[in-house]
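Start from chain A and add chain B according to the hints.
Chain residues, written in single-letter form:
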Amino acid sequence: MNPYPRPPVHREPYGTPATAAPPPVDPRELRRLRLSFATPAAVGVVGGYLLLVLLSGFTPGLMATALWGRLTFGLALGLALFGALFLTAWRYHRHMRTRFDPLADALRAHRDRTGAERSKR
Amino acid sequence: MTAASGAIPLSHLRLPLVLFLTFLAVTMFTAVINSPHRDEVSEFYLGSRKLSPLKYGMAMCGDYISAATLLGSTGLVCLTGYDGLLYLVGTAIGWIMVLLLIAEPLRNTGLFTLGDTVAQRMRDRQRPVRLAIGVCALIVSVLYLVAQLSASVALLAQFTGMPGSTARTLCVALVGLLVVFYVAVGGMPGTTFIQIAKTALLVAVVAVAVVLVLRHFAWSGGGLLDAAAANSGHGDAYLRPGLRFGASTTSKLDFLSLALSMALGVGGLPHIVMRLLSPGTAHQLRTSVLWTVGLVGAVCLAVGVLGLGTAAIVGTDTVKAGDSTGNSAVLLLAQSVGGSLLVAAFSCLVFATILSVAAGVTLAAASSLAHDVYAYGVRGGRVEGRQEVAVARVSAGAVGVVGMLIALLAWDWNAASLAFLAFAIAASSLVPTIFYTLFWPRFTAAGALWGLYGGLGCSLLLVVFSPFISSTPASVLPTAHFAWFPLQNPGIVSVPVGFLLGWLGTVLSPRSADVAGYREFEERCLTGAG
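Residue numbers (this note's numbering), protein chains in the order written: chain A, -15 to 105; chain B, -14 to 515.
To be clear, the hints were calculated from the coordinates, so they are not data collected in a lab.
Predicted, not measured: the structure shown is a model, and the values here were computed from it.
All residues carry an ideal CB built from backbone N, CA and C; glycine is no exception.
Errors might be hidden in some of the hints.
[Said to hold, decoys possible] Quick partial rundown of chain B residues pointing at chain A, CB under 10 Å, derived from the structure:
#: 1; residue: I78
#: 2; residue: V193
#: 3; residue: D221
#: 4; residue: L245
#: 5; residue: L249
#: 6; residue: G282
#: 7; residue: T512
So that you can see chain B by itself, here it is in the shape it has in the complex:
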């Protein structure tokens, strides 16, 4: 062992660095070239509305597949077999809700953010509602951003061993600054391009790796499963439920809670919602989301194959020796089936993924800050376009800095847990409001406020008192003991609470809803007219 004690020798960092710098140069150049002209609000928030559905689909896939999926899920499948695979199904399944129920009505009634759609239902009280939506969207986005930034430290650790505080700070600051550059300069057009480039890279690299793995087993799925079970150290139990989530009833419920958050939360993630508003027609959007379902599904299946392949070819002992979380799995697999070239390709892909997802999230946070909180919440809608774009650019910087600071404090928190937390908060605060707004004629502003703040507060409260924060060795505060809520993921309680409070607030509010207005709104949901 040399001084560098990462899973992959440091000398292998040169090639990925060259690849990554090429990726950076191309995407930054495009971000500058495509930056919104004349500071048009709609161009900054939506970008071009005339791309092909395939490109929109690739952009949505690029926004969704994060480093947690690439590094974390491969490791989870490698280490826990069946349970990891079950988790991967959930990563893809949430998109069906987006396609079938949320995407088209949101696009047809929306403008730039979720707040624009909800405000149409409650025009006379749109200020507090927009503020609430902005607050929820900001919290979800910042959590997600922190998860991406800490993933960059995890990636660096694969090469250099656990980085010291200087290396860590440099890494987070560099990624953060790049992200702010993309968003502040490029707006939506710039970030769309980086998503498309990342998805193209993702599909190519993952396809090559899957082919190499399957060829290793003479194209036999049975052979792959046999070898995976044999080399996993668990034998037959590897392909049975229970390695990860089967320890107790609590851990089983925890997984159900996570599954619920994943299945419902996708449609509430602000950066996904923002993407949905971009295509020019409902038909284009539908075809785009169809592409996304195909791409995300295919990537999840491929990640499953890669995870099993790692267990079969590399063996779980080697994976765990480097890093007990399994984050190194995919790079070790690349090393053994494709040599340093594939390692370079994967490292570049993970860097690109971190950058692109962080950029998408920062853009969403900046637009809810500038549009919902500033332009409508604070100024009551009396803001000029130029001014709003300027505020959005500054907001991108502010969100980036806050994200970087939290990431530096929280770099050793589990990045995947932070991302799940974002899913759970989105599913319990924003998703109930989206559903009620689109489908419930009687929904009122009071219901929206109760649902948004109630769902947000409930999920945050449960997390504070969960084992994520205290009481276990892996917690943020391992020595403190106030975890009276046993589950890591609050979804199973907070999602029903969010829906219930939205309903209760509506029923108890003294004002009656504008049901006739809803008929008009619904027609717009369906046809996009008006």
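This is chain A alone, in the form it adopts within the complex:
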């Protein structure tokens, strides 16, 4: 037997169960925030690479055009892809930190709260 008295349980006012409180953020909005950045960016970078491979295979003359000294069009595109890779990764990280994380944290806190209420009842 538990010798200690139970701590007083905080109860919501009668008639408003905790689960009725609407979530502060629509999960669909969260998904939109994430994928509206991630999908086009991923398709762009990977598509850019596949395009570079195709162009190198089927239009080697274009890729061999000299731009500046030894730097050809193809080499420049390859370097640009590395740039795009780093830039996209960094921008995604910033986008998620500033736009996505605050909302996701709010929704998670809400779920934890309502989940805890539900398990008490």
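Frame of chain A; chain B shown alone:
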């Protein structure tokens, strides 16, 4: 020439051996010290969940950059210029898919393996699905392990010339046993440390070599390119597309197929997926993968410089004289710009790379065997933690032995081709299932089974009938002729087939999907709550 006819004189093996033994002693000691206490399942599979993002990033980079990149890619750039560089871009590019689409949802919904995430979508039929995932993960991992073990023979060949069968067996068995030791004793904590140590070594050694190469050309990229084109034996063609992949339409499509497998396959490699599950929060994971993108990208750029530097300083004739695959390129370059000290550093680095990647792959194979196949596939989830860890340790031994046996039979197969095969199989079986699980509300167990077995079967079938197995002098069976599929890499056909079968299986399955359940799952993908 003395009896030893490797690219690097045998007397130079002493210093790398000392360095390598130091590396071994430190990492093995740490593996024992950090071995999972009280046989906790989560500690064995995930390790510490509180490392800094930089360390996780280094561990992921360590798992990813293999000996094929260090030896093979440098040689490819050295011998084929533009085409080699184009291939290096692909090595780095796949990580953007992991960062943007796969990493966070997988971590937020995952537990120890990929099977745990997928099983949440199809709870009532998780047994067959987990079995299928386990089978695919095992095949991919064992192929990758064999590639690493045969790379150790290739490295030994740089010093001693082509090793005899005894030397070969000893080399593979030694590396294999070390790997099994790391995994069985150290679990995830031990292998994480070896990855971090390897990445630190990688960044340091490669940075020194790049600085030495660039200083040789007075910090002028143009000078480097000029000399590389001049000494490559190809002149201007060296910096144009076509030396490696330009021979025919078939070879161009082959490269596209390889590029597709590389770009999509990274996120399906079981040892990479396992790493993604380790960090404690989604935010930590995101920062870790950001570090990985930076590290992998930087290493790939550096490998490009080293490859061009080899062509410029050593000359491709010297490289090809030692070994027609170009595997000796980076060691020859180290010899001429940094002397025997840099050769020692590079040899030690390649040994460490082989060990660490093989350990990561073995750990992933052991955990899918113990967790997905044994604990859930065979026992239906009724297994105690201690028991599961014991099974995982034994599985590590079993996977290691199978890998060693295949590596001894297949030591003269092209290690890079084996690794690409692993990428292609991962991209056509596991990746469609990952994408559908995370993003498609209607996805069902039938779709998962069709996609997994269909993608796996299609890629294996195409490889059996490809020039990799028969019909060309470089094939496994050069005298047989049944290669009706013209491409070395099956990706361009098998990836769409995997996605198509996953869709078809879902649409044709009589059961409807649990769309309401997906909403809950998706919220967990996004927030990690629940």
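Taking the hints in turn, this is what the structure says about them:
Contact between I78(B) and chain A, as hinted, is supported at the beta carbon level, the nearest pair being about 5 Å apart and thus within 10 Å. Taken as an interface hint, V193(B) does not check out: its beta carbon lies about 21 Å from the nearest beta carbon of chain A, beyond 10 Å. Checking D221(B) against chain A: minimum C-beta separation of about 8 Å stays under 10 Å; hint holds. For L245(B), the shortest C-beta to C-beta distance to chain A is roughly 7 Å, which falls under 10 Å, so the interface hint holds.
Among the interface hints, the one on L249(B) holds; its C-beta lies about 8 Å from the nearest C-beta in chain A, closer than the 10 Å criterion. Satisfaction of the interface hint for G282(B) is found here, the shortest Cβ-Cβ separation to chain A being roughly 6 Å, below the 10 Å cut-off. A cut of 10 Å between beta carbons decides the hint on T512(B): the least distance to chain A is about 4 Å, and the hint holds.
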